[in-house]
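Student: Those sequence lines, one after another, are chains A and B.
Counting in numbering that gives the first Met the number 0, the first sequence tops out at residue 532, every number present.
Counting in numbering that gives the first Met the number 0, the second sequence tops out at residue 249, every number present.
Since the hints were derived computationally from the structure, they do not count as laboratory data.
A couple of the hints might just be wrong.
Restraint-style ranges between C-beta atoms, simulated for each label pair [stated by the list, open to error]:
#	chain 1	residue 1	chain 2	residue 2	range
1	A	Ala308	B	Ala110	50 to 56 Å
2	A	Pro30	B	Gly216	32 to 38 Å
3	B	Glu218	A	Ala171	46 to 52 Å
4	A	Asp297	B	His115	43 to 49 Å
For glycine and all other residues, C-beta sits at the position ideal for the given N, C-alpha and C.
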Amino acid sequence: MICVPLPIVLDDPAALLAHLGQGGEVVCDRPHTERRRWFDSFDWRLWRAGRALAHDGRSWLLVDLADGAVVAEQPVWSPRWPRFSADFPAGSPLGDALHDLLEMRALIRLVNPSGEITAWRLINDDGKTVLAGTMEAHTFERTQGEGVAGPVRWLTLAPLRGYEEHAERALARLAEHGLAPGHEPPLACLLRAAGLEPAGYSGKFTAELEPAMSAREAFVAVSRRLVRAMRQNAAGVATDVDTEFLHDFRVAVRRQRSALAIFKGALPDDEAAAFADGFRTLGQLTGSLRDIDVHLLDEASYRQLVPVALQPGLDGMFDRLRAQRSDELAKVRAGLASDAYRNLVASWLTCLAGDAAGPAAGEPVCDLARRRLHRRYRRLLRDGRRIDASSLSADLHRLRIQGKKLRYLLEFFASLFDADDVEALVGRLKKLQDNLGVYNDLSEQAARLEAELEGLAARRSGAAVAEAAALGGLLTALLDERRRVRKRFARIFDAFAGREVKACFARLLEDGEEADDAPAGGFRDKHAAEGQA
Amino acid sequence: MKTIALYSIKGGVGKTAVAVNLAHAAAAEGRRTLLVDLDPQGAASFYFRVRPRAGAGKKELLGKGGRAERAIRATDFAGLDILPAHRSFRGLERALDAVKKPRKLLARRLAPLRDHHDLVILDAPPTLTLVAEGVFRAADLVLVPVIPTTLSVRMLEQLIAFFDREELDAGRLLAFFCLADRRKALHRQLLAELPQASPAAFCRTVIPNSTEVERMGLERRPVACFAPRAPGTMAMLALWREVAGRLDGC
Chain A
0 MICVPLPIVL DDPAALLAHL GQGGEVVCDR PHTERRRWFD SFDWRLWRAG RALAHDGRSW
60 LLVDLADGAV VAEQPVWSPR WPRFSADFPA GSPLGDALHD LLEMRALIRL VNPSGEITAW
120 RLINDDGKTV LAGTMEAHTF ERTQGEGVAG PVRWLTLAPL RGYEEHAERA LARLAEHGLA
180 PGHEPPLACL LRAAGLEPAG YSGKFTAELE PAMSAREAFV AVSRRLVRAM RQNAAGVATD
240 VDTEFLHDFR VAVRRQRSAL AIFKGALPDD EAAAFADGFR TLGQLTGSLR DIDVHLLDEA
300 SYRQLVPVAL QPGLDGMFDR LRAQRSDELA KVRAGLASDA YRNLVASWLT CLAGDAAGPA
360 AGEPVCDLAR RRLHRRYRRL LRDGRRIDAS SLSADLHRLR IQGKKLRYLL EFFASLFDAD
420 DVEALVGRLK KLQDNLGVYN DLSEQAARLE AELEGLAARR SGAAVAEAAA LGGLLTALLD
480 ERRRVRKRFA RIFDAFAGRE VKACFARLLE DGEEADDAPA GGFRDKHAAE GQA
Chain B
0 MKTIALYSIK GGVGKTAVAV NLAHAAAAEG RRTLLVDLDP QGAASFYFRV RPRAGAGKKE
60 LLGKGGRAER AIRATDFAGL DILPAHRSFR GLERALDAVK KPRKLLARRL APLRDHHDLV
120 ILDAPPTLTL VAEGVFRAAD LVLVPVIPTT LSVRMLEQLI AFFDREELDA GRLLAFFCLA
180 DRRKALHRQL LAELPQASPA AFCRTVIPNS TEVERMGLER RPVACFAPRA PGTMAMLALW
240 REVAGRLDGC
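Just chain A, with the same shape it has in the complex:
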């Protein structure tokens, strides 16, 4: 389907259509009204997958953005709006498709336009339809209540197989009027008119740095992006839309703390220290709630790890977690509404807008970037090589943090280097990070379960026994999985520490010298193959 955007003011739609059909007859159906409410997650997951979700009063429709075709449909089954894909009826194809795309993110209402749609056909002398399409005009109420916006207009053309030349001729006639097919789905025009930017938010970090920037300038550019991310997510945290607002909020805070360390010297030391403290507190405020969220998100998969007969034994733990969540959420809400938080953000923005400079403020950002990347990479390799069968979980946890810091560096400075090189390195690092991340998650989960078991020891009821059995089963399964993950570390790290990645790094930094002076390949973690947990 071809979509041609039209100007808001269109004097004579009928004349335009008639002109389209020069040489043939244009037949129009009576216009019909269509009212749809569009939805997506906060981070535009459906949009990025080339899909959109609409509710038209009778059904939910998952449509393909390119041609508007309905990919899956679900008649309305409940008067309540579904918030998550899990709210859709079990086994519903639309629900399943949404689950794959959205995962744990909630559906958010975007825009609710009312469209007047006129279907038209161009027919030839035999009375055969040789081209069909629609003429559409959509209006909607602005969310700010400033009256009605639009109409957003467009014309669609559906070329017919075997009659393609008619579509080509119609497009040529439209071009005479200065009208051309758009490069975006028509829904994009609607969203923009409503003040929304499709795919405008992403959890990924990007910053456009110029090689000529000073360290302070680069720091300000990076920090502004991070503060924006924090503020964008804070509202969703407070209203508890879904778990990922908190996740993205915390990631932004973590990145901000990392930036303060990386760009040390860009700001006066005492100011930097004070803000570092403020952001650390913010991280601590939100830590427990995030831990609980992660455990609750894993609830379904945890239950499956334990024999069916034991599963009810897990109810106690999850019910306690849910109760704890309410408490923690209340604390976080209070924290985000507090003066302390508001002052932190306000004073941070003021600091960024000011010009108080530290001892290293003027360093060219490229030098800083190279220096930091070099050092972080070497450190990661050195610490990684030290991992062997006797290494503790704490050692692997530390290595994971090292890896995170390197990743933040690559993210912050990506725009200064070759995009392909950066992408390749981030990809390699990701494999290592995934292994360390899963290991870490399993360690934390196991530790939590051990704590639960200890708590049970005091109670001697039948319920406690059932719970202990279930927790024991779960603990065993998790430690088993962790052993498997641990075994894979050596191979994954070797791949990261090998020649290829080194060469990539050297290319990135344009060093000419090797980024690392230890021999490539072959490390001491051979004994880990025996599977020390």
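Keeping the supplied structure of chain A fixed, place chain B upon it in accordance with the hints.
Tutor: Positioned in the frame of chain A, the structure of chain B alone reads:
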């Protein structure tokens, strides 16, 4: 992809009207359908108001390096395309004669269409020649419209004899009554007796003689579009349901 052929030794038995309405019914229930109009009279193409593209003749359909897809055009109905008859189709027989393995050629040429179509309906010309053989070989089911006359049994016997001679599976043949007029005593009698005497299987559905089907030549669209609840239309739908049931068992 399944293939149905509509075939009759004589013309004027309502074969093409049935092909058009079955194709429309199949597409309406969601099967991506292609109607191939092999009859140089081009009645099916006329009903759908489709002319052949320039150059989309027998070479495109049968020739080496020809691609049948290039000849296909959309009808006004979603999911229903047509490969319209071209006047060069009068020469299909001769063209097949000149080829080494003429009998399977049509089936081979149609095979690539399975990616884009679930059902192909062949409207075959009324001949007993290489073209007909090609159609019989390409089809999973060969539907034979039969007017309720005593000569019809003979016609079916001739057809089966042809199948046997050419070593074709006569189990593919499925006859059905067409242009039946229950006001006539003779028709009523034959409708009851013929299926027992018939060497070929018969459908339960009977297509009656009806004004709506007669009007198709004026309306130039399937009967369901302009006479949705008329007896002729309902019969076409019932026939499609019966045929679909057999097809899905093939």
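Student: Looking back at the numbered hints, which does the structure fail to meet, lowest number first?
Tutor: Of the numbered hints given earlier, the structure breaks just one, which is hint 3.
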